[in-house]
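K.L.:
Using the sequences and the hints given, assemble the complete structure.
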Amino acid sequence: MNKSKQKQTSISSFFKRPVKTVEAKNDVADVSSDASSRVSRGSKNMVADQIDSAEDSLTKEPTSRGVKRSAPTRKSDSDNHIITNKRIKASESQNSNHVQSRSVDPIRTKPASASLQNGGKSNPRSKLLAYQFTKSKNIKKEPLSQEQQELHDLFLAKLGKPGSLEKIRQRLRQNGPDANATPGETSGDSTSSTAIGEDTDNSEVGADGNDSSAQDHDVNSSDSSAISLGRFASGVGTATKSGTTCSTGHVKLTPMDEQYVALKKDYPDAIILVEVGYKYKIYGYDAVLAAKAFGWNAVPGKLSIDNSHPTDHLYKTFASTSFPIQALDRRVRNLVDKGFKVGVVQQMETAAIKSAGSNKSKLMKRELTFMHTKGTFLEEFQHQSQGQFSSLSMSGGYILCVCTGEKKTPLSPLSFGLVAVRASTGDIIVDEFIDTPLLTEFETRLLHIQPCEVLIVGEVPTSVDTMIKRLSIRGTQHAADSAIRVESRPKLQEAEASSLINNFYARNESVLPPTVLTSLSSLSLASLIGYLETFKLQDVLYLTNNFTTFTSRNHMLLNANTLTSLEIFQNETNFSEKGSLFWILDHTRTPFGQRLLKSWLAKPLVDREQLELRVEAVSELVSSYPDKIHKIAQIMKRLPDMEKGLIRLYYKRTTRKQLYFTLDFLREISVAFSELNPEKVGFGSKVLNELFALLPKCREIVIQALSHISPAAAKEDRKEDFFKDDDFEEYENITDQKLLIADIDKKLSDHLELLRKQLDMPKLEYKSIQLTNYLVLIPKSKAKTVPKDWIRGGSTKDAHGYHTPEVRKLLKEKEYHREKLSLECDSALSLFLDDLVHHYEQFREVISAVSQIDCLMSLAAASSNSNYTRVQYVDTPYIQIKDGRHPMVDQLLSSGSFVPNSVDMSHDVNRSLIITGPNMGGKSSYVRQVALICIMAQIGCFVPAESATLGIVDAIYTRMGAYDNMLAGESTFMVELKECVDIINNATERSLVILDEIGRGTGTMDGVGIAHAVLSHFITDIKSLTLFVTHYPLLAEFENEYPGIVSNHHMGFLERDGEFGKEITFLFTLETGIAHRSYGLNVARLAGVPSSILHLARIKSEELEKRLIARRSMKQAIKDAIQLKRALVTT
1 MNKSKQKQTS
11 ISSFFKRPVK
21 TVEAKNDVAD
31 VSSDASSRVS
41 RGSKNMVADQ
51 IDSAEDSLTK
61 EPTSRGVKRS
71 APTRKSDSDN
81 HIITNKRIKA
91 SESQNSNHVQ
101 SRSVDPIRTK
111 PASASLQNGG
121 KSNPRSKLLA
131 YQFTKSKNIK
141 KEPLSQEQQE
151 LHDLFLAKLG
161 KPGSLEKIRQ
171 RLRQNGPDAN
181 ATPGETSGDS
191 TSSTAIGEDT
201 DNSEVGADGN
211 DSSAQDHDVN
221 SSDSSAISLG
231 RFASGVGTAT
241 KSGTTCSTGH
251 VKLTPMDEQY
261 VALKKDYPDA
271 IILVEVGYKY
281 KIYGYDAVLA
291 AKAFGWNAVP
301 GKLSIDNSHP
311 TDHLYKTFAS
321 TSFPIQALDR
331 RVRNLVDKGF
341 KVGVVQQMET
351 AAIKSAGSNK
361 SKLMKRELTF
371 MHTKGTFLEE
381 FQHQSQGQFS
391 SLSMSGGYIL
401 CVCTGEKKTP
411 LSPLSFGLVA
421 VRASTGDIIV
431 DEFIDTPLLT
441 EFETRLLHIQ
451 PCEVLIVGEV
461 PTSVDTMIKR
471 LSIRGTQHAA
481 DSAIRVESRP
491 KLQEAEASSL
501 INNFYARNES
511 VLPPTVLTSL
521 SSLSLASLIG
531 YLETFKLQDV
541 LYLTNNFTTF
551 TSRNHMLLNA
561 NTLTSLEIFQ
571 NETNFSEKGS
581 LFWILDHTRT
591 PFGQRLLKSW
601 LAKPLVDREQ
611 LELRVEAVSE
621 LVSSYPDKIH
631 KIAQIMKRLP
641 DMEKGLIRLY
651 YKRTTRKQLY
661 FTLDFLREIS
671 VAFSELNPEK
681 VGFGSKVLNE
691 LFALLPKCRE
701 IVIQALSHIS
711 PAAAKEDRKE
721 DFFKDDDFEE
731 YENITDQKLL
741 IADIDKKLSD
751 HLELLRKQLD
761 MPKLEYKSIQ
771 LTNYLVLIPK
781 SKAKTVPKDW
791 IRGGSTKDAH
801 GYHTPEVRKL
811 LKEKEYHREK
821 LSLECDSALS
831 LFLDDLVHHY
841 EQFREVISAV
851 SQIDCLMSLA
861 AASSNSNYTR
871 VQYVDTPYIQ
881 IKDGRHPMVD
891 QLLSSGSFVP
901 NSVDMSHDVN
911 RSLIITGPNM
921 GGKSSYVRQV
931 ALICIMAQIG
941 CFVPAESATL
951 GIVDAIYTRM
961 GAYDNMLAGE
971 STFMVELKEC
981 VDIINNATER
991 SLVILDEIGR
1001 GTGTMDGVGI
1011 AHAVLSHFIT
1021 DIKSLTLFVT
1031 HYPLLAEFEN
1041 EYPGIVSNHH
1051 MGFLERDGEF
1061 GKEITFLFTL
1071 ETGIAHRSYG
1081 LNVARLAGVP
1091 SSILHLARIK
1101 SEELEKRLIA
1111 RRSMKQAIKD
1121 AIQLKRALVT
1131 T
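Residue numbers (UniProt numbering): 1 to 1131.
If you're looking for bench data, these hints aren't it; they were derived computationally from the structure.
A few of these clues could be false.
Stated by the list, open to error - List time: in silico DSS-like cross-link candidates among lysine-lysine, alpha-carbon distance up to 30 Å:
hint, residue 1, residue 2
1, Lys747, Lys724
2, Lys697, Lys652
3, Lys338, Lys578
4, Lys680, Lys637
5, Lys1023, Lys882
6, Lys697, Lys724
7, Lys738, Lys365
8, Lys809, Lys354
9, Lys719, Lys814
10, Lys724, Lys360
11, Lys820, Lys362
12, Lys657, Lys631
13, Lys767, Lys697
14, Lys407, Lys365
15, Lys365, Lys814
16, Lys757, Lys812
17, Lys812, Lys354
18, Lys1062, Lys1100
19, Lys814, Lys747
20, Lys279, Lys814
21, Lys365, Lys603
22, Lys1115, Lys1062
23, Lys738, Lys354
24, Lys469, Lys536
25, Lys763, Lys738
26, Lys814, Lys746
27, Lys279, Lys362
28, Lys767, Lys747
29, Lys536, Lys265
30, Lys603, Lys637
31, Lys252, Lys338
P.N.:
Here it is, written out as structure tokens:
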């Protein structure tokens, strides 16, 4: 018989030892003083069977596949004691069952022998139910062996004292039923923190709250036994595999779960990512949402923190999912792009430092360190690969805070106050305006700013919400993650908002509140301050030099219809950038230069002096390419997004690698261009001289900062070596920790020498096996000679790796000092950044100069086309373009295939052009061409024409296309008229107005009447430069009514007879005169309409045309007869 079997037999015999029979009592506590009598209450057969099976599961070595052991079995008194405790629990449970059965069913109290005498066969059930009334005095006691006696004495010492059960109950009530639960029992997830040796928390804490790991093993065993027995005796709850079920049926939460629940209650609208060891874990319904965004499934479990979800009762743990720490930025970006708010909870202490402190037995301290949304997530900038970077996002990245005034009636004007901040670059826009019920001004600002988040302050009209939804839906047509995130904020009183703003800016004595604020914009700013404080980004509002107003006297404002109709930033086919005007002009080399070019294109200049200075710079870059330009172009190709890098520096959220490259690129720029005097730079352009003179402005600051940094360590992001060693006086604490680590390395080396001598292995070296370092390899043949206090840490084919006690001690000390070193490095970096933040404005000024140079070079690249020409500017409203071409169509078509057209308009001659012609003849392309050339000219770019002379226009308004607004319940004709009203209310005599087919959305008579009245108003009242496209030949009479002011034109074509009526060939040239037909049947033929339909359409068209001619002839005859009659009467 093996030792294991002997052990089992001895333990079983101890429990089977005959004792006195005690009368059944319901109060278990009354017999707690006699441990042996407690055991005797159950049937010895029943207890023996159950205990033997329990002993087998605890003591036998697993022999079959799939059997997993949580810990190796070790022969010791403590092992016997654990088994004893389990037997006691089983005995108590069976005794309780028998007490009840005797009083209810006397049949079950028959001895087992009675069943056999009646012819019945013994079975496990009959044995289990057997009960013997034999008194202990009739049984011959067997002498106890020494092992049995020791076990019995140990049992009495632990649980054999009077009142022990009551003490256990009291302790359970104080600490909770899960106070000493094992890691496997408290974990709400199979991949919980216990897998990484962390967050076992109270499993290492004794019932009295002290660290039980410091106590001896027997005491731990006692506590464990007390828990098991106490749960049964007290009736508090039922032990389960994953925890303890209380009387209400809910599973008690582990300390880790309680920590998560508390965080979730504080931030119910955010997905909480919790750092647990080397992972970030997500729990509950957050896990389901996150897993869907990541493209995988979450581990099933409870979804709510209050068990309110219908399926929560099916699970004992929270649903969960996780990802490695290294993937944090990527996963946060996945979530915020879907519109979620994401909170990042990080561990505020390390395992090594925690284990060495006084709180080593407590739960790991965690805090919510960052909150992210679309507009507040600061992703790491990346280096450009081969001079390329991603195209400009359709979202501007702004957080737009909107506040409206009171609206007395549905048709009364509405006041707006806006503040928009782009946290990723530090740009801030402030605006206050009064809008019409159509909200055209608000829509224009939404399209210009292109926010990714909108904060609505207080209550706003439904039309404002609808407008935001429209823009969001339009964005999702381009990309699924372009939807705008909308959040409501409470509206403060004006006095409260003013006090909040003043207190905010009083915190920074060097900054004064911005002067561009008005009443409504102040309410928006106050709300925005509170919002950004949630994300710890409020310091961006201290950059008061970055505050700009949306409107300016120096810039033209392109409204929403113009941006859309002229395809300034995206085409109207698939809403992508290709085919837009921006696509033609964008030759920038940097992301921040690209953003500035977009701003230039959205707001063309109206100040002639500034415009000509810009054109002069572009012209010089087109005609020559000096060394300075070549040098800056080469630097630009390697630049990351420096604006984002600087703002991360300002927030002090930059990594060491980012910081180094930001400073190094600033150094490279400042060293390459050393001339600070604009007059000595050497360009003919004043603008270029001033910009290049700004580049070396921060040279001394950057060189001084870089002198403290080790380039090699920075590139590898090695924080401990980031600062140079010769700065040990300034970073003394870092040096101290390095010396302590070096001393431990020396001790490890000395210990290795000692081991070589003791083991007589002169070539012994420390080895690493599966990321376990400093292992001493001992051949497997000598494994039995290894001291017991050596711990095996890995194995190879021929040897086992061990950690000696000294190595374990030194490694623990080393890990402690390494983490202290990490904290000291972080502290030193924070102090270093504090000094750099004071120079942020200078750094930004340099980068702003680089971005302007980048834009000028981009315009020069677009202007270098051989068919582009420089524009001449005049003061009066005037547009003269000879052989102009549509910039995008000209680019997309093969060279020379585009048909050019000219235009000549002024305030006194040809102020309004009425353009007719066949469908698909090029009317809309022609009017768009004129408008696009004007925009290109007023941003300083050459234009696609043989020659061009332009009087500065203050605005360009368009009414083109046909579409309805279902969200607002507006028909196509209603949208058309509202857009006309907006143009009528805002256009001036210096504006360029394009009206395409006004009146086509209703009946012919009403349509002609409306078109006639609108055109008359522009000719006589507004007197703007107007291009009027129409299919109504009756409007041609304006040329006779206003000779010299109005002229008729049509798109040229050749006509010939065809099978289904007139067939034409488009010439795409602008001709003088009116076109009396639209040739719709020709377009139907080109579209592939069936011949039978075309044949019937031709017959019907000719029939209606004959009726119309006859009617006109009759009217003319009646008119002539009346005139003749009047003449006869007169004579």
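K.L.:
Please name the hints from earlier in the document that this structure breaks, with their numbers sorted from lowest to highest.
P.N.:
As far as the earlier hints go, 10, 13, 14, 21 and 31 are violated by this structure, in ascending order.
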